[in-house]
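Participant: Numbering (the UniProt record's numbering), first residue to last: 1 to 197.
Bear in mind the hints are in silico, worked out from the structure with no lab data behind them. The beta-carbon is built from N, C-alpha and C at its ideal position, and this holds for glycine as well. All clues stand as given, with none of them false.
No farther apart than 30 angstroms at their CA atoms in a straight line, the calculated lysine-lysine pairs in the BS3-like style are these:
| # | residue 1 | residue 2 |
| --- | --- | --- |
| 1 | Lys127 | Lys180 |
| 2 | Lys180 | Lys121 |
| 3 | Lys180 | Lys129 |
| 4 | Lys50 | Lys116 |
| 5 | Lys127 | Lys116 |
| 6 | Lys91 | Lys78 |
| 7 | Lys116 | Lys129 |
| 8 | Lys50 | Lys78 |
| 9 | Lys91 | Lys50 |
Pairwise CB distance ranges (calculated):
| # | residue 1 | residue 2 | range |
| --- | --- | --- | --- |
| 10 | Gly106 | Glu193 | 32 to 42 angstroms |
| 11 | Pro179 | Arg114 | 17 to 27 angstroms |
| 12 | Asn46 | Tyr174 | 44 to 54 angstroms |
| 13 | Pro32 | Lys127 | 41 to 51 angstroms |
| 14 | Gln36 | Glu193 | 45 to 55 angstroms |
| 15 | Ala48 | Gln167 | 53 to 63 angstroms |
| 16 | Pro32 | Gln95 | 22 to 32 angstroms |
| 17 | Lys129 | Gly189 | 20 to 30 angstroms |
| 18 | Asp79 | Ala48 | 20 to 30 angstroms |
| 19 | Thr171 | Gln36 | 47 to 57 angstroms |
| 20 | Pro163 | Ala48 | 40 to 50 angstroms |
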Amino acid sequence: TTTLATRSPCGTSCACVVAPCPVAVVTNPCTPNPCQNMGGCAVQNNNAAKCWCPDGFQGYYCQHRRNARSLISKTCNKDCLNGGQCYIDEKQAGQAFCSCSNDFYGSRCEFMNRPKSCSPKNPCMNKAKCITTSNGAQCMCERGTSGVLCERIERLLNEKYCPLNCQAGGTCVYVSATPKCRCPPGLNGPLCEIRSG
1 TTTLATRSPC GTSCACVVAP CPVAVVTNPC TPNPCQNMGG CAVQNNNAAK CWCPDGFQGY
61 YCQHRRNARS LISKTCNKDC LNGGQCYIDE KQAGQAFCSC SNDFYGSRCE FMNRPKSCSP
121 KNPCMNKAKC ITTSNGAQCM CERGTSGVLC ERIERLLNEK YCPLNCQAGG TCVYVSATPK
181 CRCPPGLNGP LCEIRSG
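Construct the entire structure; sequences and hints are all you get.
Facilitator: As structure tokens, then:
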């Protein structure tokens, strides 16, 4: 029904329609955020909410505090990689999952996230050159290294590769799979750059 009202908010120059309007309901499963304990929410392709839990929390809604015992539980048999931590989600029928650091993703934390760009700091490791492409940062690995960020050092069959530039006659060696400089007497520091004594 349309009526001209002199006391309407429109004044006398418009018509107020007194009728219910159909309302289109558009919902966002992340509004309000269902994730607890400062968890982040992302909308999945099926329009369902997916919570990303901060360190120390787990569960579908990040509602469970993770403790050391639940992380190393005998029933948690998921083989998480790259520092990922295994946990049991009771809301998922006691299924084991991996909680990955921000640098990795995948069901076992097996994939490394590629940085978006080469600046402000070169994300590539082991003297690799960084090129920013439309797909993000691309690392051009030096010989003897591999990985998204050139983080893996390969032991070559025909030569020993060690990525450090040791100074003053220092020798690059591996100590527990980590490259270090073995310095001559009277020198120390990460690259044998400091005179001692």
